[in-house]
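Participant: Residue numbers (the numbering used here), protein chains in the order written: chain Y, 1 to 341; chain V, 1 to 341; chain X, 1 to 341; chain R, 1 to 341.
A few of these clues could be false.
Claimed, not checked - Below, computed lysine-lysine pairings styled on DSBU-like, alpha-carbon distance capped at 30 Å:
| # | chain 1 | residue 1 | chain 2 | residue 2 |
| --- | --- | --- | --- | --- |
| 1 | R | Lys-109 | Y | Lys-145 |
| 2 | R | Lys-107 | R | Lys-307 |
| 3 | V | Lys-145 | X | Lys-145 |
| 4 | X | Lys-16 | Y | Lys-338 |
| 5 | V | Lys-109 | V | Lys-145 |
| 6 | X | Lys-338 | V | Lys-145 |
| 7 | V | Lys-145 | X | Lys-16 |
| 8 | V | Lys-254 | X | Lys-145 |
| 9 | X | Lys-16 | R | Lys-338 |
| 10 | Y | Lys-135 | R | Lys-338 |
| 11 | Y | Lys-16 | V | Lys-297 |
| 12 | R | Lys-338 | V | Lys-207 |
| 13 | X | Lys-41 | X | Lys-338 |
| 14 | X | Lys-135 | V | Lys-254 |
| 15 | V | Lys-338 | V | Lys-99 |
| 16 | X | Lys-99 | X | Lys-109 |
| 17 | Y | Lys-297 | V | Lys-297 |
| 18 | R | Lys-307 | Y | Lys-145 |
| 19 | Y | Lys-135 | Y | Lys-307 |
| 20 | V | Lys-145 | V | Lys-135 |
Just so you know, the hints here were simulated from the structure itself, not pulled from any lab data.
4 protein chains.
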Amino acid sequence: MANLRIGVVGCGRIGKLHIDNLMGAVPGVEVIAVADPMIDKSGARDWCAARGITNVSADYMDVINNKDVDAVFVCSSTDTHSVISLAAVNAGKHVFCEKPVDYDVDKIKAVMAAVEEKGVKFQVGFNRRFDHNHKAVADAVKSGKIGDPHIVIVSSRDPEPPPASYVAVSGGIFYDMMIHDFDMVRYVTGSEAVEISAVGSCLVNPKLQEESGIPDVDTAVVTMKMANGCIAVINNSRQAVYGYDQRVEVFGSKGMASDGNDLLNTATIMTVDGAHSEKPLWFFLERYNQAFIEQVKYFVDSVVNDKPVVVGAIDGLRPVYMAQAATESCRNGGVYVKVPQ
Amino acid sequence: MANLRIGVVGCGRIGKLHIDNLMGAVPGVEVIAVADPMIDKSGARDWCAARGITNVSADYMDVINNKDVDAVFVCSSTDTHSVISLAAVNAGKHVFCEKPVDYDVDKIKAVMAAVEEKGVKFQVGFNRRFDHNHKAVADAVKSGKIGDPHIVIVSSRDPEPPPASYVAVSGGIFYDMMIHDFDMVRYVTGSEAVEISAVGSCLVNPKLQEESGIPDVDTAVVTMKMANGCIAVINNSRQAVYGYDQRVEVFGSKGMASDGNDLLNTATIMTVDGAHSEKPLWFFLERYNQAFIEQVKYFVDSVVNDKPVVVGAIDGLRPVYMAQAATESCRNGGVYVKVPQ
Amino acid sequence: MANLRIGVVGCGRIGKLHIDNLMGAVPGVEVIAVADPMIDKSGARDWCAARGITNVSADYMDVINNKDVDAVFVCSSTDTHSVISLAAVNAGKHVFCEKPVDYDVDKIKAVMAAVEEKGVKFQVGFNRRFDHNHKAVADAVKSGKIGDPHIVIVSSRDPEPPPASYVAVSGGIFYDMMIHDFDMVRYVTGSEAVEISAVGSCLVNPKLQEESGIPDVDTAVVTMKMANGCIAVINNSRQAVYGYDQRVEVFGSKGMASDGNDLLNTATIMTVDGAHSEKPLWFFLERYNQAFIEQVKYFVDSVVNDKPVVVGAIDGLRPVYMAQAATESCRNGGVYVKVPQ
Amino acid sequence: MANLRIGVVGCGRIGKLHIDNLMGAVPGVEVIAVADPMIDKSGARDWCAARGITNVSADYMDVINNKDVDAVFVCSSTDTHSVISLAAVNAGKHVFCEKPVDYDVDKIKAVMAAVEEKGVKFQVGFNRRFDHNHKAVADAVKSGKIGDPHIVIVSSRDPEPPPASYVAVSGGIFYDMMIHDFDMVRYVTGSEAVEISAVGSCLVNPKLQEESGIPDVDTAVVTMKMANGCIAVINNSRQAVYGYDQRVEVFGSKGMASDGNDLLNTATIMTVDGAHSEKPLWFFLERYNQAFIEQVKYFVDSVVNDKPVVVGAIDGLRPVYMAQAATESCRNGGVYVKVPQ
C-alpha cells in the first residue's frame, strides 16, 4: 500500500525520468495517473502502459481532479508550470514543480499565496541541492567548519550548447541556465544577493544573437554582493567540450569547502607522456541522476510526515529576481543592479 | 515484448538484487519465474508479487522445466550452484551463475562439459570485471598502452569481517574472498598463474581459528608467478575500517595503469588542520551496484545476439585452482605451489 | 670566472633571498657589491661578510658607479625602485627590479624610456610566471591545447594579513597584492584588460579602514573584460587560514588548464573519519622559492646571451593601470572602469 | 663560527652533493677538508677550490688525522665504506656514512663495536626516512592513527636501469636497490622481518644475467613476515618509464596511511580526450633532494647536542641481513628464508 499516490503532468523527458525514479527508486509511492497534451502522438500512452499506468489523459485537469491523487508532479513545458501548479494547489494537492515555477514574479507570488492558503506542500525541482558533492559543501558551511563565508565561486558549464531556436524562447542564459547557480549560491551561503553585476560574451557561438534573435550571451560571469558580506561569483559557459563541469567553492574565515566533478572512472594511465585520467560525467542526467531521486524522497517525506519542504516556493522566486538583475546588468555594461528583497 | 525471459533460482539478497536490476535497469528482459526453497517462510513470495511475479515455487526444477524460460539465473546457496547449473544447462537453458560455480573442480568440469555439449551460454558472476574503474585498467592493458605487464598489485579489503560461523563454512579467505581477486589478476593480465605463494595471519580477529574451527586467516598476501613472466600480488583484509578498498595497479614496460576507490563524494574541507575528504563507498552493494547491472547486460547480449560470453565456465574453474594452491601454500609456510593448467 | 657580476641594492629580506639564490643556485654569476642604507645598523654588513661579500656600502650609488658591476638588482624599499632603477639604467647597467617598478605611471615610463635609450636589459620581478604550476598552465594555453581562452579564474589568498600599519603605506590591496594576479591574467591569456570592475569588503578585519586610515579592503573580487573577449576573475583574501592559496584556471574553447597548490606532503591518512591530507605550503617564500631562482636564471640568460627579457618594463606598467582601474571601481560601487591601453 | 667542522672522504657525485648541501643548506657547519684518491685526475681539487676548500688530499687518512675535523662524511666507493668508517671512528671522529656500510655483516659489526667503544655518533645515509612524504606516513603509524600495522606495500621503481657492468659489481638488486626499501619497511612498521620470500624476473632486460655475469633480476617482489605479525611487500623495477616511483602504503587496524609521488607540477589539462597531468620527478636527486639535507641536519643535531642518531649502525646491519635472505630465497624458488635477528 503506497503512502503517497502521485499524478504526473507532462510526460516528456523530465516527466519520464520522474516516473521511472518514482517507480524504481522511491519507496512508498505509486504513480496512478499521467497527463500530457501529446499523450497519444508522442507514444507516451504506450510508454505508460508498459509500466502499468493506464490512467492517462491529454488534459492535466484529469490528474488534478483525480480524488485518489495526493500529489502532483508538474513536469510540463516551462510556460505552463505556474498555471498548472496553481490549479493543483487550489485543488488541495501537494505539488512538486520542476524549475522554474515561472519567470513572471507575480505568477510565482500567486502560487505562493495559494500554497499558504491551502496549507499544502510545494517543492521546486532545484535538484542540485541534493547532489552528494554540493550537499557536502553546503553541510560543511552550515556546520561552521569553514567559519563565515567570504568568497563563493560557482563554476557551471554545460557540455554542449542548445540550438539557437531553443535559446530564442529560453529567456536567456541567466534565466535558463544560471538560475540553478543562483539557487546554489543561496544554498551554500544561506544568504541573499543584494546587488548583482553581470558580464557576458558570445564566445561559443559568435552568431548567437543573430541566430536566436535575442540579446543573449553564451559565456557569462556574475558577481554578487550578499547580505552577509560575502562576495559570490558564478561563471557559466554553454560549452565545456570535456563534459558537464559543476563545481562549487566556498572560502571562509576558518577554511574552504569545495568539490570536484564526478568522473567516468578513477583509472589513471601513466606513461612517458604523463598521467591520463578521465573526464567528468557527460551531462545532468548522468551527474544529477541520484540527486533527482533524492529530492523526491525529501518531498515525499515532507508530505507523508508533514515536515517543511526543503526547497519551497520562495526558493523559486528568489533566483528569478537574481536572473532579472543579472540580465539588466549584462545589458547595461555590467553595472551593479539591486536585487528586490 | 521481451527478448529474453528469465527464471531466477534463489531469492535471497543476491537473487533479489538481480531481479530488481533485471526489471529496472536491463532492457529487453522479463523475469517470469522464481524459485526458492524458502519462498513462503522468507516472505519472498510477497516480495515477488509486489513486482508482478506470480509464477513462484519452492522447487527450482519448476523454473528449469518452464518452457517459457530462456535463461536461468543461479542465485541459490553456494553449495547448490553447480547442481542447479548442470540441471539448467541440461535442460537447454542459458545460465548466469553466481560465483563460485563450485569449489570442487570436478563439478565445475561437469558443468563445462554440459555447456559444451548443449551449446548454451554460461556466464559466471565475476561482476568486478564490469566495474568502471577496473575495466578501464584492464582496457588500458589490453590496448598496449602500458606495454607488457611486469607487476600487478590487487588491494582488496572488506569493510567488516563476516561472523566466525560464516567463515566456518566459507572454505576460507582464499575461496570466499580472494577468489574475486584471482579472477581480477587473470582479467587485467590476460595470463594464467603458474605458481602461487600465500602467507596469512589472524590480525583482525586473533581468535578466528578457534571460533571458526578452521585454519583460516583474515589478513593474507599472495604472490603469483604468471605465465607471461609478470609477478602478481594480492593483499586481502577482512576489515578495512574506512570502507571497501578495491584497487588495482598494473605496472608494465611502457607505463602503469591503476585505479582508486569511488568515494562518497568529492568534497574537500580545508582548514588549519589540513584537508579532509571522504571515504570509499561502504561495501560491494554500493561500489559494484552498476557492475552487477553491466554484467547482466553483457550476458543478455551474448544470448540474444549469440556472442561468446565474456566470463565463461573456464573462468569459474581457474580461480578455484588458484584458491587451492594458495590454501595449500598458506598452510605450508608460504612455499610456492604449482597451479594446475 | 663569472659571466655576470652583480651588485645588489637593498639587503633586507628580499635582497638577502636574491643574494643567497645568486650564490647558491644560479651558475655563472658573482655578487660583488651590496648597498643598503642600514648596512651597519641592520647587521647586513656581517651577513654579507659571512658570504665573502666585502664591498658593501650605505650608498646605492656606490653599486651603480662600480665599473665591475654588470647588472644591478633593485631590492630596496618600494618607493625607491624607480629612482634607483633609473640611475642604474642611465649608468648603462642591466637591471633586475623587484615589483612594483613604481605606482606612478610616469615614473615607470621614464624608466622604460631610459631602458629603450640605453639598450640595457630590464626585468621586473613577477616571479609567479616562473612557478612550475602556473607556467605549465600558461604553456598549455600558448600551445593551443585549450583553444581560445573564454574564462580565467585566479584565486590568490595570503595566509595571514599584514599589520594595518603596513596596509597604510601599501597603496591598498589592488596595488600591493592583486598586482601579481593582474600580471598572472596577462600572462596566461596573452591579452590585455579593457575594462575592470572591482568589489571588496573588510571581512578579515572589519576595522581595517579605521586602523589603516585608508579606504582599503581585505577581500576583493575583480572582473575583467579582456581584449580577446575572454572574461577574467581574480579573487583575493588577506587571510586563508590553511595557507597560501595560489591557483589559476583557464577555460577555453577546447578545454581547461588549471593548477593546484603545492602541498606540505602527499601523505593521506584514511580512517573511519575519512581521509586527511595536507595543506598548501605556508607562504610565498616556500611556494615560490624555486620561481625566485628561475626568474633570475632567465634574466642572466637574457643579459649574457642578449635575448629579450621575458618580463620587461611594460609588464611593470600594465598591472599598475589595472590596479588604478580596480581601485577606482571598488570605490565607486563596482562600476566598470576603462583601462588605459 | 661553525659548531661542527666536517671532513669529507670521497668527492664524486654523492660527495659533491653533500658538500654543496653542507655549505648551502645546513647551518652551523663548515667543510674544512676533502679527500679523494682521484682528487687531481677528476678535477675535484678545482671543484673544491671554487668553494673555498683548499685542504684537499688523495689520502683519506689526511682527513681522519686532521685534528680540526669533528666529523667525517664517508662518501667513497661502496667497498671502502666500512674500512674508512672504522678508521674514522677509531680516530674518535663522528661519522656520517653513505649506505651501505658494507655487504659483509662482520665488517658492519666491527664498525658497530668501535662506535660503541668510542662513544661517537654514527649515522647511515638512509635518506628516504627524511623524505616529507614517507616521514608523514611513518609519523602517522607511530602516532597510532592507523592502529597496528597489518599490511605494508612499498613500491619502489627506478626510471632507468643501470648498465649491466654496474649490476655486475652491485651485489644484485636486493643489495643495491631494495636495501633502501628494506629500511623503509623497518622504518614505517617499527618492527623486524622474521622471514623473507623473494621472486624475480628479468623483464626489463631479458639478457641481464648474461650481460652482467651474475644471477640477478630487474623486477622483484619480496614478501616478509614481520615480528609484529604484519605482512610487508616490496616491489622493485629497474625501469619505470614515467619516472621515479616511490610510494609507501601502511594498512592497519584503524586505517591506512599512504603517500604519492611528488610531481613535476600540479597542472591538469582537460580536453575532449580526458585529463592530462604530470609525471613524478625523474630520479632520486630530484625527489630526495631535500631529504639529503634533512638527514644531515639531524646528524649535526645529534653530534652538537649529543642526541642519539636517528639511523644508527644497527640500521645499516639489518637491511643487509634482509638482502641476504631475499637473495637466497630468490635463487631458491621463493622459499621463505629466516632473517638472523
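Participant: It remains to establish, for every hint, whether it holds in the given structure.
Facilitator: Results of checking the hints against the structure:
1. Note on Lys-109/R and Lys-145/Y: the hinted pairing is violated, with a Cα-Cα distance of about 55 Å set against a maximum of 30 Å.
2. A hinted pair counts as satisfied when its Cα atoms are at most 30 Å apart, and Lys-107/R with Lys-307/R qualifies at roughly 25 Å.
3. The straight-line distance between the Cα atoms of Lys-145/V and Lys-145/X is roughly 22 Å, inside the 30 Å bound, and the hint therefore holds.
4. Under the criterion of a C-alpha separation no larger than 30 Å, the hint pairing Lys-16/X with Lys-338/Y is inconsistent with the structure, at around 50 Å.
5. The straight-line distance between the Cα atoms of Lys-109/V and Lys-145/V is roughly 35 Å, outside the 30 Å bound, and the hint therefore fails.
6. Taking the CA atoms of Lys-338/X and Lys-145/V, the gap is near 51 Å; set against the 30 Å cutoff, the hint is violated.
7. Distance check on the hinted pair: Lys-145/V and Lys-16/X sit about 49 Å apart at the alpha-carbon level, beyond 30 Å; violated.
8. Taken as a hint, the Lys-254/V and Lys-145/X pair is honoured in the structure, with Cα atoms around 24 Å apart against an allowance of 30 Å.
9. Restraint check for Lys-16/X and Lys-338/R: not satisfied, since their Cα atoms lie roughly 56 Å apart, outside the 30 Å limit.
10. With a CA separation close to 54 Å, the supplied pair Lys-135/Y and Lys-338/R exceeds the 30 Å bound.
11. Distance hint between Lys-16/Y and Lys-297/V is fulfilled; the C-alpha atoms sit about 22 Å from each other, no more than 30 Å.
12. At roughly 26 Å between alpha-carbon atoms, Lys-338/R and Lys-207/V fall within 30 Å of each other, so this suggested pair holds.
13. As the CA atoms of Lys-41/X and Lys-338/X are separated by approximately 46 Å, the hinted pair breaks the 30 Å bound.
14. Of the pairs offered as hints, the one joining Lys-135/X and Lys-254/V holds, with about 27 Å between alpha carbons and a cut-off of 30 Å not exceeded.
15. Taken as a hint, the Lys-338/V and Lys-99/V pair is honoured in the structure, with Cα atoms around 23 Å apart against an allowance of 30 Å.
16. Simply put, Lys-99/X and Lys-109/X have alpha-carbon atoms about 15 Å apart, close enough for the 30 Å limit, and the pair holds.
17. Taken as a hint, the Lys-297/Y and Lys-297/V pair is honoured in the structure, with Cα atoms around 28 Å apart against an allowance of 30 Å.
18. Restraint check: the Cα-Cα separation between Lys-307/R and Lys-145/Y comes to about 41 Å, which exceeds 30 Å; the hinted pair is violated.
19. As the CA atoms of Lys-135/Y and Lys-307/Y are separated by approximately 19 Å, the hinted pair is consistent with the 30 Å bound.
20. A hinted pair counts as satisfied when its Cα atoms are at most 30 Å apart, and Lys-145/V with Lys-135/V qualifies at roughly 14 Å.
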